[in-house]
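Colleague: For reference, the chains in residue letters:
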Amino acid sequence: MPDLTPITPLGGSSLRTDTIGAISIAEADDWALASVAARAGQLEDTLTRARKLTGLDLPGPGGLVAGGDWRAWWMAPEAWMLATPLSASEDIVAAVKPALGDAASITEQTDAWARFDITAPVGFLERLCNVDPARVTPGTATRTVMEHMGVVVLRHGDQAFSVLGVRSSAGSLHHALLTAARAVA
Amino acid sequence: MIINHPLLGPRDAQEFTYLGDATLIDRPDGMADAAPEAFHDYLHLRDNPAGTHRELWYHEGGDRSWLVVTRDTRTHEITRVDLARDVALQRGRGA
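Residue numbers (my numbering), protein chains in the order written: chain E, 1 to 185; chain U, 1001 to 1095.
Chain E on its own, in the form it takes in the complex:
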């Protein structure tokens, strides 16, 4: 077997953190991700089973919840993303599928996304995408577009955000974030 070395979403050997003025943008790869889509007519069963697994109530449109080792956010009608620490659950489907059974379809998403953890005033994100600070309060997940790239913006706290974008365009997303940070810093 060849000895393969893992690389980060930006292609480096270690995670990158940029600090520009009061804004910090940190590449992060410590979440395992799986999408959960309720199968036809199985919404209630999906919610019950997910609660048993994670202790969380899967949120309604635009919602983000966190507790214990799990995070869940709304992705689409009757579909959510589940996140858990990668160190605890490298094979997240093996952890999720037995609990959800045939109620929902699970897709492993860990390596499909690039995540940047951002510390910044909410005005920083207004530069980049359609987030309305009055609506995008802590505990919301917004799917929108940044420079033509589809992203998910999670707001954890007043100045704590995560932006998830498609991994294959991680470099472009990182560039967009840095450019906006330099413009407001």
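Please keep in mind that the hints were generated in silico from the structure rather than gathered at the bench.
Note that CB positions come from ideal geometry on N, CA and C, so glycine has one too.
Hints are supplied without guarantee of correctness; some may be wrong.
Stated by the list, open to error - Calculated Cβ distances over 12 Å to all of chain E for the following chain U residues:
no.	residue
1	ASP1021
2	GLY1030
3	PRO1036
4	ASP1041
5	ARG1046
6	ASP1047
7	SER1065
8	THR1070
9	THR1073
10	LEU1083
Stated by the list, open to error - A short list of chain U residues far from chain E (calculated; beta carbon distances all over 12 Å):
no.	residue
11	GLY1020
12	ASP1029
13	HIS1059
14	ARG1064
Unchecked claim - Label pairs and their calculated CB-CB ranges:
no.	chain 1	residue 1	chain 2	residue 2	range
15	U	VAL1081	E	GLU147	24 to 34 Å
16	U	PRO1049	E	SER87	57 to 67 Å
17	E	ALA94	U	THR1070	39 to 49 Å
18	U	ARG1027	E	ALA160	16 to 26 Å
19	U	ARG1054	E	SER13	49 to 59 Å
Fit chain U to the known structure of chain E by using the hints.
Modeller: Chain U alone, transformed into the frame defined by chain E:
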């Protein structure tokens, strides 16, 4: 233009792509006897109203849902937005 998404509230039109007339939901039965004529009408015949028009929009830069938007083609005023899923289910499709 702002589209008032039934689940997510007002979203910028930049996040959406347009498909066309909402009658595309009423796809004919391809196995019926009159299928060729029905498909000819379905594919090629469209009303082109100056006024209220029901049309399909896709929230591509968002939650990927299909919407039925009622828009005045003269003023671009949007008077109603429904999830296409609800419209289709109401019409007995997609069950």
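Colleague: Look at each hint and say if it fits the structure.
Modeller: Hint by hint, here is what the structure shows:
no.: 1; hint: ASP1021; verdict: 23 Å, holds
no.: 2; hint: GLY1030; verdict: 22 Å, holds
no.: 3; hint: PRO1036; verdict: 31 Å, holds
no.: 4; hint: ASP1041; verdict: 30 Å, holds
no.: 5; hint: ARG1046; verdict: 28 Å, holds
no.: 6; hint: ASP1047; verdict: 29 Å, holds
no.: 7; hint: SER1065; verdict: 6 Å, violated
no.: 8; hint: THR1070; verdict: 20 Å, holds
no.: 9; hint: THR1073; verdict: 25 Å, holds
no.: 10; hint: LEU1083; verdict: 7 Å, violated
no.: 11; hint: GLY1020; verdict: 22 Å, holds
no.: 12; hint: ASP1029; verdict: 21 Å, holds
no.: 13; hint: HIS1059; verdict: 8 Å, violated
no.: 14; hint: ARG1064; verdict: 5 Å, violated
no.: 15; hint: U/VAL1081 / E/GLU147: 24 to 34 Å; verdict: 26 Å, holds
no.: 16; hint: U/PRO1049 / E/SER87: 57 to 67 Å; verdict: 59 Å, holds
no.: 17; hint: E/ALA94 / U/THR1070: 39 to 49 Å; verdict: 46 Å, holds
no.: 18; hint: U/ARG1027 / E/ALA160: 16 to 26 Å; verdict: 46 Å, violated
no.: 19; hint: U/ARG1054 / E/SER13: 49 to 59 Å; verdict: 54 Å, holds
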